[in-house]
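For this one, chain A is given, so just place chain B on it according to the hints.
Sequences listed follow chains A and B, in order. First residue of the first sequence: 1, per our numbering; consecutive thereafter. First residue of the second sequence: 1, per our numbering; consecutive thereafter.
Hint data in this document are derived by calculation from the structure and do not stem from the laboratory. Please read all numbers here as calculations on a predicted model, not as lab measurements. In this text, a Cβ means the ideal position worked out from N, Cα and C, and glycines have one as well. Heads up, a few of these hints could be off.
Example chain A residues on the side facing chain B (calculated, C-beta under 8 Å, incomplete) [unchecked claim]:
hint, residue
1, Asp-43
2, Val-44
3, Leu-46
4, Glu-48
5, Thr-49
6, His-61
7, Thr-62
8, Asp-98
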Amino acid sequence: MTVEVDSSERFAGYANPNRLVTTEWLQAHLDKPDLVVIESNEDVLLYETGHIPGAVKIDWHTDLNDPVLRDFVDGDAFAKLMSSKGIARDFTVVIYGDKNNWWAAYALWVFTLFGHEDVRLLDGGRNKWIAEGRELTTEVPQRTPVEYPIIPRNDHAIRAFKDDVLDHLGKPLIDVRSPEEYSGERTTAPAYPEEGALRAGHIPTARNVPWGRAAAEDGTFKPIDELKAIYVDEAGIGAADDVIAYCRIGERSAHTWFVLHHLVGIPKVRNYDGSWTEWGSTVKVPIVQGEAPGELP
Amino acid sequence: MTETAVPPALAEIRDEFLELEQQDRLMLLLEFANELPELPERFQDHPDLLERVTECQSPVYLFVEVDDERVVHMHATAPREAPTTRGFASILVQGLSGLTADEVLATPDDYPQTIGLNEAVSPLRIRGMSGMLGRTKRQVRAKAAA
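The shape of chain A in the complex, shown without the other chains (with noise of 0.2 Å):
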C-alpha cells in the first residue's frame, strides 16, 4: 500500500481496516501524490455541485458499464478510464459518495474485479464530510494521465453469475432489497423507478438484510459487534465462509459486499449482480413469495 492506513480507533474491530478511511484522515492526506479521491453518486451531476478538492467523478452507470452488453467494461476500458483521470496502478484510492457511500461501494467493488489493490472508502461518505463543515469545490482537477495496465477482469473470486447463484442454493444467501420487494409485494426498491422484472418475490432459503441496516445514523458504517449480531446471528450465516448477496440491479449488494467480506471478515463472498432484474424474468428458475425465506426446491 502507497499511502500509511487510517489507523482509527473506530476501525479496530473490522477483518480489513485498511480498507477504511475518516473524514480527518482524509482531510490530512489530501496532499499525497500517490492518493486519488473519487466520488461516485447516484445522481449523476452531484459532483459538479461541490465535491472534496482534487476529487475526480466516476460515474457507476456512464463509466463503468459497458454502454451494449450487460455487463461492467473491459479491462481496456478500465484502463482507459483510470489513465484519463491520473490514476496510476499503484496509487491508493479513495471513494466516497452520496446516500451511505452506496454507489461508492458499488466502485470499489468493480475495481476490485481488475484487482486494483489499495482502494478504500471515506467512511460516513459524502454526507459526513459536508455535515462536518468540510471544504468542497466546484473546480475541476486537472489531472496529467498516466499509464495504466489493460488488466483482463477477474470476475471469479467475488462475482456471482446465475448458474452459480443456482449451484449455491442451499448456502448462505443475503437479499438486500427492501421488504417489499422480498415479500412480492414490488419490484422495484420503493419510490425507484421499474427496472423491469417479469416476476415478483426472492430467491428460495435467502435471508432478507436491507443493504441501509449496515450504516449508523451518520452514515458510518456500525461497529463490528453489531454487524455480527445482523449478520452472522440474524441472518443466520453462522460460520459459513461461503455468501452470496443479491439486490435489484447489484449495486445495493455491493455495499452489503464491502461489509460482509472486509468488515466482517467472511473469505468468500460473491455479488450477484444480475440480482432481481435477472432472476425474476428467467424461465423456470425457482421463486418464494412472502416473508419466509422458503424451502430449497
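Here is chain B on its own, set in the frame of chain A:
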C-alpha cells in the same frame, strides 16, 4: 392520431444542448437545475396537492394548473441533492409553462430522448424525465377537461 409538435421553448432548449460537447451538456443541465423556481407559497403548505413522480429516483413533485384561458402553469420541486432531477423538472417548467393545454398535449412523448443527454446522463436516468412529462400531460388532460 394526435398531431405532435415540439413547442418553441423546448425546441430552443434542445438545440442549446445539441450544440454542446457531452461534458458541457452536463453543465447546462446543472444551470437548469439551479434555475428551478421555488414553489409558489400557496403550495409550500400543501404538499398534498403535489404529485410524486415515481419514475424518478429522487423525490420530485409536480403540480400543474390550467387557467380560464386554458393556459398551463407548471410547478415542480426536488431536493438540492438531486440536481439531475431538478434539471429535468426545470427544463419542463421553462418549456411548457405559458403554453395552451393543447400545445402541451401535443408535445412529443419522446422529447426527453431527443435533447442529447442519453450519453452524458444515461438512458436509465432520462426515463425519469419521461415520467415527469407523462404525468404533466395527464394532469393537463384532466384539468383542461374539468
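Structure-based check of each hint:
1. With a cut of 8 Å, the hint placing Asp-43 of chain A at the interface with chain B holds, because the nearest CB-to-CB distance is about 5 Å.
2. The beta carbon of Val-44 of chain A comes within 6 Å of a beta carbon in chain B, closer than 8 Å, and the hint placing it at the interface holds.
3. At its closest, the beta carbon of Leu-46 of chain A sits 6 Å from a beta carbon of chain B; the interface hint therefore holds under the 8 Å criterion.
4. Annotation: interface hint on Glu-48 of chain A holds; nearest CB of chain B at approximately 5 Å, less than 8 Å.
5. A distance limit of 8 Å between C-beta atoms decides the matter here; for Thr-49 of chain A the minimum to chain B is near 5 Å, and the interface restraint holds.
6. A distance limit of 8 Å between C-beta atoms decides the matter here; for His-61 of chain A the minimum to chain B is near 4 Å, and the interface restraint holds.
7. Satisfaction of the interface hint for Thr-62 of chain A is found here, the shortest Cβ-Cβ separation to chain B being roughly 6 Å, below the 8 Å cut-off.
8. Among the interface hints, the one on Asp-98 of chain A holds; its C-beta lies about 7 Å from the nearest C-beta in chain B, closer than the 8 Å criterion.
In terms of the numbered hints stated before, the structure departs from none.
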